[in-house]
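A.B. asks: Chains as they are written, first to last, in the working numbering: chain W, 1 to 306; chain E, 1 to 505.
For the record, the hints were derived by calculation from the structure and aren't laboratory data.
Where a beta carbon is used, it is the ideal one built from N, C-alpha and C, also for glycine.
Wrong hints could be hidden among the right ones.
[As the list claims (entries may be wrong)] Computed cross-link-like contacts, EDC-like style, restricted to lysine to aspartate or glutamate with a CA-CA straight-line distance of at most 20 Å:
1) W:Lys118 - W:Glu219
2) W:Lys239 - E:Asp93
3) E:Lys418 - E:Asp393
4) E:Lys370 - E:Glu351
5) E:Lys56 - E:Asp23
6) W:Lys186 - E:Glu99
7) E:Lys196 - E:Glu379
8) W:Lys162 - E:Glu106
9) E:Lys196 - E:Glu178
10) W:Lys162 - E:Glu178
11) E:Lys196 - E:Glu463
12) E:Lys56 - W:Asp178
13) W:Lys186 - E:Glu106
14) W:Lys162 - E:Glu99
15) E:Lys30 - E:Asp228
16) E:Lys30 - E:Glu186
17) E:Lys271 - E:Glu473
18) W:Lys162 - E:Asp96
19) E:Lys361 - E:Glu379
20) E:Lys196 - E:Asp228
21) W:Lys239 - E:Glu178
22) E:Lys30 - E:Glu3
23) W:Lys239 - E:Glu99
[To be verified] Facing chain W, from chain E, some residues (calculated, C-beta under 7 Å):
24) Ser90
25) Ala94
26) Gly104
27) Met105
28) Thr107
29) Pro110
30) Arg112
[As the list claims (entries may be wrong)] FRET-style restraints, in silico, Cβ to Cβ:
31) W:Ser164 - E:Ser2: 40 to 48 Å
32) E:Met111 - W:Ala263: 48 to 56 Å
33) E:Ala269 - W:Ala304: 32 to 40 Å
34) W:Ile279 - E:Met111: 34 to 42 Å
35) W:Ser301 - E:Pro128: 36 to 44 Å
36) W:Ile279 - E:Lys56: 51 to 59 Å
37) E:Pro128 - W:Ser164: 23 to 31 Å
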Amino acid sequence: MDLSAINPTLLLASLMVAATPLLLAAIGELVVERAGVLNLGVEGMMITGAICGFAIAVNTGSPILGLVAAALGGAVLSLLFAALTQYALANQVASGLALTLFGLGLSALIGQGYQGIKPPSFPKADIPLLSDIPFLGGVLFRHDFVVYLAIALTAVVWWVLKYSRIGLVLRAVGENHDAAHALGYKVVRIRVAAICFGGACAGLGGAYISLIRVPQWTEGMTAGIGWIALALVVFASWKPWRAMLGAYLFGGITVLQLNLQAAGVAIPVEYLAMSPYLITIIVLVIMSADKSRAPAALGRSFHASQ
Amino acid sequence: MSEILLQIEGLTKAYPGVVANADVSLTIRKGEVHALLGENGAGKSTLVKMIYGLVKPDSGQMVLRGAPYAPAQPRAARAAGVAMVFQHFSLFDALDVAENIALGMETPPPMRSLAQQIRQVSETYGLPLDPYRTVGELSAGERQRVEIIRCLLQSPQLLIMDEPTSVLTPQEVEILFETLRKLTAEGVAILYISHKLEEIRALCDAATILRQGRNVGTCVPAQTQARDMAEMMVGSTLHTPARGPRTMGDVLLALNNLSRPSASAFGTALKNITLSVQAGEVLGIGGVAGNGQDELLAVLSGELLTPADAVQFMGQPIGQATPQARRRLGLLCAPEERLGHAAAPDMSLVENALLTGVQRKGLASRGFLKWGAARRFAEDIIARFDVRTPGPDVAARALSGGNLQKFVIGREVMQAPKVLVVNQPTWGVDAAAAAAIRQALLDLAAGGAAVLVISQDLDELMEISDRFAALNEGRLSPAKPTTGLSVDEIGLMMGGAHGMEVAHV
Chain W
1 MDLSAINPTL
11 LLASLMVAAT
21 PLLLAAIGEL
31 VVERAGVLNL
41 GVEGMMITGA
51 ICGFAIAVNT
61 GSPILGLVAA
71 ALGGAVLSLL
81 FAALTQYALA
91 NQVASGLALT
101 LFGLGLSALI
111 GQGYQGIKPP
121 SFPKADIPLL
131 SDIPFLGGVL
141 FRHDFVVYLA
151 IALTAVVWWV
161 LKYSRIGLVL
171 RAVGENHDAA
181 HALGYKVVRI
191 RVAAICFGGA
201 CAGLGGAYIS
211 LIRVPQWTEG
221 MTAGIGWIAL
231 ALVVFASWKP
241 WRAMLGAYLF
251 GGITVLQLNL
261 QAAGVAIPVE
271 YLAMSPYLIT
281 IIVLVIMSAD
291 KSRAPAALGR
301 SFHASQ
Chain E
1 MSEILLQIEG
11 LTKAYPGVVA
21 NADVSLTIRK
31 GEVHALLGEN
41 GAGKSTLVKM
51 IYGLVKPDSG
61 QMVLRGAPYA
71 PAQPRAARAA
81 GVAMVFQHFS
91 LFDALDVAEN
101 IALGMETPPP
111 MRSLAQQIRQ
121 VSETYGLPLD
131 PYRTVGELSA
141 GERQRVEIIR
151 CLLQSPQLLI
161 MDEPTSVLTP
171 QEVEILFETL
181 RKLTAEGVAI
191 LYISHKLEEI
201 RALCDAATIL
211 RQGRNVGTCV
221 PAQTQARDMA
231 EMMVGSTLHT
241 PARGPRTMGD
251 VLLALNNLSR
261 PSASAFGTAL
271 KNITLSVQAG
281 EVLGIGGVAG
291 NGQDELLAVL
301 SGELLTPADA
311 VQFMGQPIGQ
321 ATPQARRRLG
331 LLCAPEERLG
341 HAAAPDMSLV
351 ENALLTGVQR
361 KGLASRGFLK
371 WGAARRFAED
381 IIARFDVRTP
391 GPDVAARALS
401 GGNLQKFVIG
411 REVMQAPKVL
421 VVNQPTWGVD
431 AAAAAAIRQA
441 LLDLAAGGAA
451 VLVISQDLDE
461 LMEISDRFAA
471 LNEGRLSPAK
481 PTTGLSVDEI
491 GLMMGGAHGM
501 EVAHV
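Just chain E, same shape as in the assembly (with noise of 0.2 Å):
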């Protein structure tokens, strides 16, 4: 066993009304990668923020390299040797790479010779970068290189990596780790907190698992399967989707040769999109952030709108259709961002179900809003998809982003639509919610309908859809069937590495 590098005992932060971290105890050694896993809410971002310097811990203990460690802002965790990658990004968009380095270093040198380090450093450990490029035209992977970069030039001990490749295609993924390999060798530790167990089982040496802000275990990951640690995660055995038998039918929503500009600066064109999806089938469609997903659901969900025949509906052209007309004949769609897209923030669930709902629920007549029946189809969509909630009055954004979404895609799916057009249905949602919503989204394929899931979780996606294309920079690949696709396979119809290579110290 090598030297301990971090030690935190008892830490305990508690807010008005909840208990962020109790008691929470762990040991990091010099050039390990610990895993901290947990749920949403778990407390995991707390604890690191508390490492980080960013929160003050209420009572506890930490012991840096054997001293008292008790960082009162990010600097002073930064001149003791501890760097954190964050989870969403922490850049400026308008500043160019070297100034948003250069915004995280304690003294940083002039200019030239920052973006000369840079460059060598970018270059030892594989991650190529050009100083002078403006961060808000950079792709997530690229972004996310900037900040790793922005950490390895202060030559840290501890490297806090929150969720790093969330954003990245598989093969970047292996890249990366090849990075932190380079990097534990070097005598670095690692502090990983990720959802994807097989991730953290192929890279860690040890594991913290945290539930409601409680240390609830530890394991070695390479010893334990990721179903034992997921139950870990979340204290109860795990219901897993059950795909039943499906019987194909019509061709019901169909693009052709679809091309369309994006309506924002930093948005992504769509190029040449063909797919179609036949009643009962659920098609998958994978892609790193950023690629034209939000294009894409918005070309389909009318906010967008394409020459007429470029997007058809079981045969009827819709391209220049608004999205009323389009939720009249059954074409439904779920956005991304759930506040402020799918639901109005601060309009009461009772709203928000009437928002979508006004026209397949009949929840208007001559202009006038029916409240009762408005309320009845909340509490049912309360009910059945397990949305915790005092009351359907709640205001959309006081509800945690799990049950949201359960919310947001129960909405939809309890209006029966023919089609379901779905982004992301499942980010940022705990697991027994997420197996939730697929499970729904299964069934509802099953009873007849095309379901179109647009996500960058390829586990969820090769778990729930019979096809599965990839979108890149744009042009969406080919579909292909599921069953037999090997990850490989997947990573190149991403798009393959992004001209990433492997680091060579």
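Chain W with its partners taken away, still in its complex shape (with noise of 0.2 Å):
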């Protein structure tokens, strides 16, 4: 066993890379819930956007375009669970858990032919000046734009929920909808936007998986995250920056769980690898023991003439 062998600078700038992409799919379904819609389909939508972005990337050349494409099939996909929910009245779990399943293979369907490929390289943004601060400056500040651009999603989401009108009526409208219909707010309306941005935020999240961590497109690369991202966001108590604080947790974990095992610690390796969703979920559940509770429309169909 040599401990030594792990660099904290290393590993810190790692966490913050792992985190990213379970970052950027718990605040999207964040939103999504606390729109009172339950999306189960982010792992769906997340595998989606990763090959959708892999494959314009490496068509076009761009990483930039790559997730714009990621972000936009994340987000067509699901529009698809938005029809089946809020018009057609289908069942929310069981149209996330098709949404999955529908995601995973028509990734797989695109995916053929982009096995073994490399896509275009990420650039890094190297911020002057703050980036060569000792220890800090290579742990925070030598980061591609991603990973800075999920800190602020966060930061403005949960800005928006708190303070601004359109916040107000998304949080009204995921407490009760028909109080929210008879003040006249489109609920409908409202819950397809919140889905959209939520396939967005998993599609984003899928791409950076394919495009930046890892990067390759293998078939059902996410490997549950975006079952993580779900949990994430209740034991989160739908809560933006614990939403966060959860991410950097698990994703803090996982590189440290990989360090050990690659240092040889004597503890069998399943118990490191079941080590990050056991802590972090212990760690939330702790913090969610206050009074916050779930959006109380959350997962019930919305009819305007009932």
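Given two chains presented individually in distinct reference frames, assemble the corresponding complex, making use of the accompanying hints.
C.D. replies: Laid out in structure tokens, this is it:
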């Protein structure tokens, strides 16, 4: 066992990279759930985003275009869910599960012929001056811009939900859609917009894995991150900053346990592999012991005639 | 006569299979309180929804202050000066008072100045309210203040109120009326929907009566007998429940100093409740909703367990007995919520009859159900309680509220209970059906059963109960004989005015 092989700067830096796809997907789903919709299709939208982004980036040579395409791909797939649940009033749980299965299959189909290809590399946003700070510079300021985008997105979502009119209306719709309708708000329209936003975020998160973190395409490469994001939203009590904390905790322990495995720590690999899930859930369960509760209309279908 | 504010002519709205409003006309003048009367399903809600822009009329027209008025959505109605206080409050539990009010406004000011305005208006009209409290923690009366203040902040010219007093104590009603009179003095017109005819006689200047979607007449409430108005609503003569001679027997059910926290987060804990009901007696329990009614019923039905001695049935401690065991003994309950608590919405009437009647009616043997007997039991209930349904095989959900209520009460009454506990037996039920249910409860007591009626309808309790007690924040007042009990006394038993004060404009 050689713990000195673990470089703390690299460890912390890769923590931020590991957490970013999870954070993006979780923030998107958080907005969807605050609007009262339970979309279990996060995994499917992520993997669809991953292959859409990958394919466009390879074909155009532009990773930025790839990211845009990933967000679009996720959003378009989520529209299918929106049509099923908001207009056809299908059951949200079943539709979400179907969306995941569909997304996995669709991505495998699109991904034929993209296996083993290397995508164009993504520029790092070496922030001048800040990145030269010893230790902190390496940890915080030498990442690609998506890492910062995810953090900024968390801040924006938090601010919008807490202080803006549109955030208030979104929360109201998630809390009591009948009352919101009675006050004249367009419940279905607001929910479809939220679902789209969630799809775009999930797609972006997926493309982060295929374009930046790994970077290559393999079937099923999101490996359950979408499900973790769903659990994270619940255990974060539907609060953006807590979701970010959870994502970083999860990312951190994932990276740490990989390092520990490499260093040959005398703990069975299985325990190390399960540790990120266990520790993240334990911490967030303890934190969610306060009074906060789920949006009251979560998962309930809305129809104007009732 | 003052100036006409809103004129409605020939408004018609049909839904598939039912005409909700047919050719309805009415005129509302400035500064007038105009009552809209009618049974359940008479089309009152549809009419006000059209005025508020929630529903689009099929034909007919509305004229507001001389100009054609056809709001496409509530936003347009609010912009035109029409505001509405809903019957089932359109509030958001998890948001605070100021956020709730901001949601009902077109262009809300920043939160801080909105909070300031809320404080100002609430003081002017005697409706104290803290803008930063979470609505889920407020009492029903306070929640109504939120709705009213939300409307007042938009300086409306027409205020629509749908059953505003059903959740208030008599003192709170008096203060609400005071507030409304202040408003009418300022020229605001109020369209007031209520079932409570005495209130309408005290408050309203004019009344329009709807029956089956049609306008069947107008009257000046102050000069019309409540009974005449009720008969206009029903369209036939009304049958008043008759109280036969009754002999009081032994105490059948007693609660001894019972305390029990609520099972739900927004519920009310029961505190030191002591009561007893004798054979042949009807005990009425009043109180504003949310003061422990649901919990009291749950403690009696066995849904919430308590120390064994706290609940006694014919001298036996049953606090730890399950609902099934209590049914076997003869203690039956009919909870308030019809769909989902008293009846399983998607199961047929036969299945629903079987669910509570299986033991006392012997509808099962050795684990096998006797469907024939269950069907006969359901048919008996339908016949004796005049439940209007195509047959016993339709789902409970398909029945109207009043018909399902008759079925639910009838199901318990026909199992010959020794003690029957009912919560809100006539809630949302029209006058004729309500009279039938009350009569059944009185007959049951005359037959030697003890009946405990929990209700928010004080007139109902005064009509059928021998003694009256009130729940207030989980405490039960001592029971007093109903004969000679004054409204003031009742109000004080219910906890007075909950910190309200009379408006000082």
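A.B. asks: Against the structure, test the hints numbered earlier, and report the numbers of the ones violated in rising order.
C.D. replies: Checked against the structure, the hints that fail are numbers 3, 7, 10, 15, 21, 27, 28, 29, 30, while the rest are satisfied.
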